[in-house]
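Protein chains: 2
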Amino acid sequence: MMRVFTYPEQSKWAELAKRPSEGIGAKEDAVKAILQAVRKQRDKALIDLTLKFDKVKIKNLKLDANTIKKAEKSISPALKKAIDKAYKNIYKFHSTQLNTKIEKVETTPGVVCWRKTVHLEKVGLYIPGGSAPLFSTVLMLGIPAKIAGCKEVILCSPPNIDAAILYAASKCGIKKIFCVGGAQAIAAMAYGTKSIPKVDKIFGPGNSFVTIAKQLVTQEGVAIDMPAGPSEVLVIADDSANAAFVASDLLSQAEHGPDSQVILLSTSKKLVDEVITEVNAQLKALPRKAIAEKALKNSRAIILKSLDEAMNFSNLYAPEHLILACKNAEKLGEKVINAGSVFLGNYSPESAGDYASGTNHTLPTNGYARAYSGVSVDSLIKKITFQQISKDGLKNIGNTVEIMAEAEQLQAHKNAITIRLKTIKK
Amino acid sequence: MMRVFTYPEQSKWAELAKRPSEGIGAKEDAVKAILQAVRKQRDKALIDLTLKFDKVKIKNLKLDANTIKKAEKSISPALKKAIDKAYKNIYKFHSTQLNTKIEKVETTPGVVCWRKTVHLEKVGLYIPGGSAPLFSTVLMLGIPAKIAGCKEVILCSPPNIDAAILYAASKCGIKKIFCVGGAQAIAAMAYGTKSIPKVDKIFGPGNSFVTIAKQLVTQEGVAIDMPAGPSEVLVIADDSANAAFVASDLLSQAEHGPDSQVILLSTSKKLVDEVITEVNAQLKALPRKAIAEKALKNSRAIILKSLDEAMNFSNLYAPEHLILACKNAEKLGEKVINAGSVFLGNYSPESAGDYASGTNHTLPTNGYARAYSGVSVDSLIKKITFQQISKDGLKNIGNTVEIMAEAEQLQAHKNAITIRLKTIKK
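The listed protein sequences derive, respectively, from chains A and B. The opening residue of the first sequence carries number 84 in this note's numbering; numbering runs sequentially from there. The opening residue of the second sequence carries number 84 in this note's numbering; numbering runs sequentially from there.
These are computed hints drawn from the structure, not numbers from a lab. None of the values given here were measured: they were computed from a predicted structure.
Identical chains blur together in the list; that is why a pair holds if it fits in one copy or across any two.
Calculated pairs, EDC-like style, for lysine to aspartate or glutamate (alpha carbon to alpha carbon, straight line, at most 20 Å):
{"#": "1", "residue 1": "414", "residue 2": "186"}
{"#": "2", "residue 1": "175", "residue 2": "475"}
{"#": "3", "residue 1": "184", "residue 2": "413"}
{"#": "4", "residue 1": "184", "residue 2": "461"}
{"#": "5", "residue 1": "199", "residue 2": "461"}
{"#": "6", "residue 1": "414", "residue 2": "322"}
When you get a sec, could you build the whole thing from the sequences and use the hints?
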């Protein structure tokens, strides 16, 4: 179970903030072979690999429109309603993120610079298969793409694709859905095949094969949402927290996978004891008990002297999810420097954000919250800079450029100015 | 010299839009060995590798404050003034990019979500050595970091560091400057050593060793500005363009390196002929003639039937720099979908943007403009999502979350809601 550390010295913090490490070396060669096969044999490779890994003999990689249409009828009205409500909230929050206003800045008289927001043209969403259909991730990736205005959004997922995934995709306006999973799906979206179009950026979670494939294709001209790692939560709780609530939050993270990590920081030894008792009690009833138990082995409860100290530790750890179950959570939240998403107070559980509050659940793990943001509409756009310089403008900055280019020994850069200034000065 | 293609069929465009490819495989092992050495031996490895590669026996990796101070006096007043002016313009444009306003969105009554902009804590800038001191890049990276408010900005550059680099760094408030270059500098910033602090994100250009090192460390928790590739420009010119100006722009790109690429698209065969004549004439006088000549071998002039066709080709190519030397450049510019930075009209040469107009010169190459933006203040911040849910809010979305979590077979996610709803409903 969770190990408890009481008042560890600051010099030990870095050790306590370590993630469980993964060995991925051995899988890299296997993934490279898959990428190579798809690069060479395209659709044929996809069909062969789907038979090999998914044990499904597939004829058409692309799902027909009729199957997608029928999905809506095959899911329960309650689930449909829930997806509709989550869609609405996620859409509402993300729609505030698109800012296409152009602000022109005259840096020097006659020199005008601006940025223009332009949506990505072609994006690919990967939705893993496995035991459960991750239709929530379809919403989290499909909605920002829709708001950004991406022209072509495709979705790959291993066969057979669950109806809830298809319904969520339809809500997001995604029409091109392909029955292919794993590293081969990433390869298909990176290189393009006859059936599957090449995309500019690939989004979505996956197992270690998918993760490695995404990392490898970034070297071949494709962008990815962010580097992936096991999911994690850090909870800061004081004596105002409800131990049962905290335990439920820790477990909802722990059930994700055996390599998930949960960290509890508290100023109260009493609360830590109660939480551990609650975790043990709630764990018993979980269908994914074995997974959660393994994750708890990577996990820690740390008793610290103050909430400020806890926040310092959290900023060092840079958690994907940060729950502040303490008095004045909003005030403490102002001190957050490194985190993916922050949940304030006793009634803001992580699972609300995972599904339906409106925030995105695709977030930086493994300490990447120090430098990365979670997925937002920003992830689906780029900003192109423009500049327009008048003759007067060039007169005003020309000499500056000439001197700098000369000092950097780039004579042709200087010439491009000189040749123009000559015609102006005449 | 540049090869000319007249009215190529659309089916040939993809081939014409190809970049010269680099073989980096062989260098990867050498870079891995350097990373490993620094990871193990830290400062000692840096000192050894600096002796080996830079032929400089260095005692203190960190430059003393006095040397930095003296730099200001050792550069010419003209260069100092030019750097000051460029600084002012770049600062002015980039300062409009920081938006820290918080917009709270109530997605459902009682469910409030928002994003907070937070600067990166620790960033590292890499400035290559080599034949010329790239002080302009110091401005392009240091100014956005300063505006974002990054707490610790460090700079690594191989010894001996030019005074202009030190002066530009001082202007940006950078005090920690380290005399180390190459893959070993990237390793130092990624892992940290006794002298050099570990950073969250590494910025800056470099040779293929630096590029490979940056790519490799992204798998170890550090972010980088963007994948690197040879520099490139695409010029769209109609018969209103000035052939001498266009030639000077092509050459200012070609002189960057033998693997640079320049593409000229034109509706006018006459202009293409004139530009080629001008290129040959201007080339003769260039100190970096041999480099530019090699780059021109990778380069193409393509005659197309209309400016719209040219813009389609450009969007397919996704150039780092795009110069529109044609009538109604601003209008045509509205059709840009994929480009790093766009230069409108005959008096907006790329070199203005490279140095002093105000836009950033760290831009996506190699087609990455399809999915990446150039460096801006956005590159130095992250956006953390927050949510605060009241009891009523949880009543409003709780059931939605429960149904979705159940359908995804994540029982503990559901429990985190159920356990809270029970206490509210009492």
